Structure formats: structure tokens, C-alpha cells
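*Asks:* As given, the protein sequences belong to chains A and B, one line each in that order. Sequence positions in the first sequence follow numbering that gives the first Met the number 0 and run 0 to 135. Sequence positions in the second sequence follow numbering that gives the first Met the number 0 and run 0 to 161.
Derived from the structure by calculation, the hints contain no laboratory data. Keep in mind the model is a prediction, meaning the values are calculated, not measured. Built from N, CA and C at the ideal position, the CB exists for glycine as well. Just to be clear, a hint being listed does not mean it is correct.
[Said to hold, decoys possible] Per label pair, the in silico range of CB-to-CB distance:
no.: 1; chain 1: A; residue 1: 71; chain 2: B; residue 2: 157; range: 35 to 41 Å
no.: 2; chain 1: B; residue 1: 30; chain 2: A; residue 2: 70; range: 29 to 35 Å
no.: 3; chain 1: B; residue 1: 113; chain 2: A; residue 2: 104; range: 29 to 35 Å
no.: 4; chain 1: A; residue 1: 95; chain 2: B; residue 2: 65; range: 24 to 30 Å
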Amino acid sequence: MTRSLFLIAGLLACSAAQAAPQELLQSYATQAKQENPQFQAFSATRGEQFYHAKRMHSSGKAQSCAACHTDNPKSAGRNEKTGKEVLPLAPIANKDRLTDPAKVEKWFKRNCQDVLERACTAQEKGDFLSYLLSVK
Amino acid sequence: MKRTLMVFTLLFAGSAWADGNENLAPAASNLKWKNECSACHMAYPPALLPERSWRRMMAGLERHFGQDASLDAATAKEITDFLVKNSADRAGGKRAKKVLGSLGPNEAPLRISETAWFVHEHDEVAPQVWKRPKVGSPANCSACHPGAEHGSYSEHQIRIPR
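When you get a sec, could you build the whole thing from the sequences and use the hints?
*Replies:* Shown next as C-alpha cells:
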């Protein structure tokens, strides 16, 4: 009896931790459809390209997600200005990632501005999350 | 002569010690302040800048030293209130007073290292020391003050990395 209770508690804990990224993806999919009626699905491959793509910033410096988060999202990165460690982005390496929608949105707002000098589209955000979730 | 010198040295060391040993951590901390600021850098002691500096800082988070550090309005307000409450104008303590006294009435620096107080306190540090890889810049308090994260800047604890 105690054992099955433990099992149920364990399963519930797992599903709660897993639910957040999927719910986020779902809400980005809804937004993506509003932004573009032709929207089909998110693509981890496109997200990976987006992660590595270097963009010329108006400051004259090439910027990319990978510049701070490193080429491998399972690795810890560094804030390029302060040198402070940034914990890994891939949920496989950092189970707290993508579990707090407000935190995800806060960092998309900041980092899309710093790298792309504009807000990201829902399609870009969904592709990006799909990529991070696909990393094994 | 030697004795007089010693007395002077002791007196000087004594005053520096008393001042330098004062802990700069805010009396009561704030979780949002700690978590949000320290996501990218140390949560600097609010007592080292005046209220006008913190207000200016928090009003410009979208362009925060070249990075977007914007916050939602509720979090920004909570952190601003906390910073103001613990600012150099209101914190009390010797160093808060010295920081404030080193600034003109309309001066609102965004960097602690731009206050005349900070410059004076660090005037023995050679320019090349700041550039050492383990130091990087004057923003990296913990490089030489190991207790900085906990508000401790005691002169006895200073360790300048090679």
C-alpha cells in the first residue's frame, strides 16, 4: 500500500515536471497560428539552426545564442559581459529548464533583443524549445 | 620616531579596520533582488549607491550596460522599493555616508566604481591589476573580496589574484 502510494506520488511529480514544456509549446503553437495561418508545426532542426546562426548586431559584433550558451546546450555557458556562469539550457542537463513559463518568456524577451534586436516570433520560440527538448 | 610611526600606523590601520569590517549586506534581504540581479552578476550592496542612482538604473533596465535586463512591472517595483529603502541615503552606516559624501547633489552614477569613494578606496590598485583574467573589471568584487557576496569587504580578507 505504502509502496503504491509512493509510486503514484512519483508519477505525479514526474508528470508535473514534464507538463510545463509541453504546455509552453502548445501555447506557442496557438500563437504561431495567429501570427501565420499557414503554420504547420515546430521543427527541432530549424531550432538548431536558429541556435547557432550568427547575426551581425548593429554594434558591429556577430551575435548568436551559442555565443553565450556555447555550441552544446548541455554545457554551461557564460554571460559575455560579466563572465557569470549560465546553467545549461537543455532540460536533459538541467531539469529546471523550461518548467517556468514566466522565466522562459523573460529570457526570450531579453535575449531576442540582444541577439536579433527584435522580438522573436512564436514560430522561432517553438522551434527553439523543440530543439532543446530534442537534445539527448 | 619609530614609535610615533608605529602609533600612526596602528591608528590608521585601526580606522581602516573599523570601517572596512562593516558588513554591507542589507539588514533584511529580498529574494527577488537577490535572484534577479545575481542571475547575471553579484547582487551589489544597495548601500553603495544613492536612491537617485537606483531609480535611474531601474528605469533603464532594457539597456542595462549593453544588455536587456528588463523585468515585469511588479518585480521591478518590488526591487526598486528594496534598493531605495537600503540605498546610501537611507542605509545608515559609515560607508553609506562616505559614498554619499563623495557625490555631488545631482550626481547619479550607475556604476559603484564611478563614485569618488570607490576610486579613493582603490587608488592603490594598479590599472593592470584590474585587467588580470581572474579580475576582469572593477565590477568583479568577489575576485579580491572573497566575502563580497555576503556583504563582507574586510581589508584583512583581501586576496588579489595573480
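*Asks:* Give a verdict on every hint.
*Replies:* Evaluation of the provided hints:
Roughly 37 Å separates the CB atoms of residue 71 of chain A and residue 157 of chain B, a value that falls within the hinted 35 to 41 Å. At roughly 34 Å, the beta carbons of residue 30 of chain B and residue 70 of chain A sit within the given window of 29 to 35 Å. Distance hint check: the CB atoms of residue 113 of chain B and residue 104 of chain A are about 33 Å apart, consistent with the given range 29 to 35 Å. At about 27 Å, the CB distance of residue 95 of chain A to residue 65 of chain B agrees with the hint of 24 to 30 Å.
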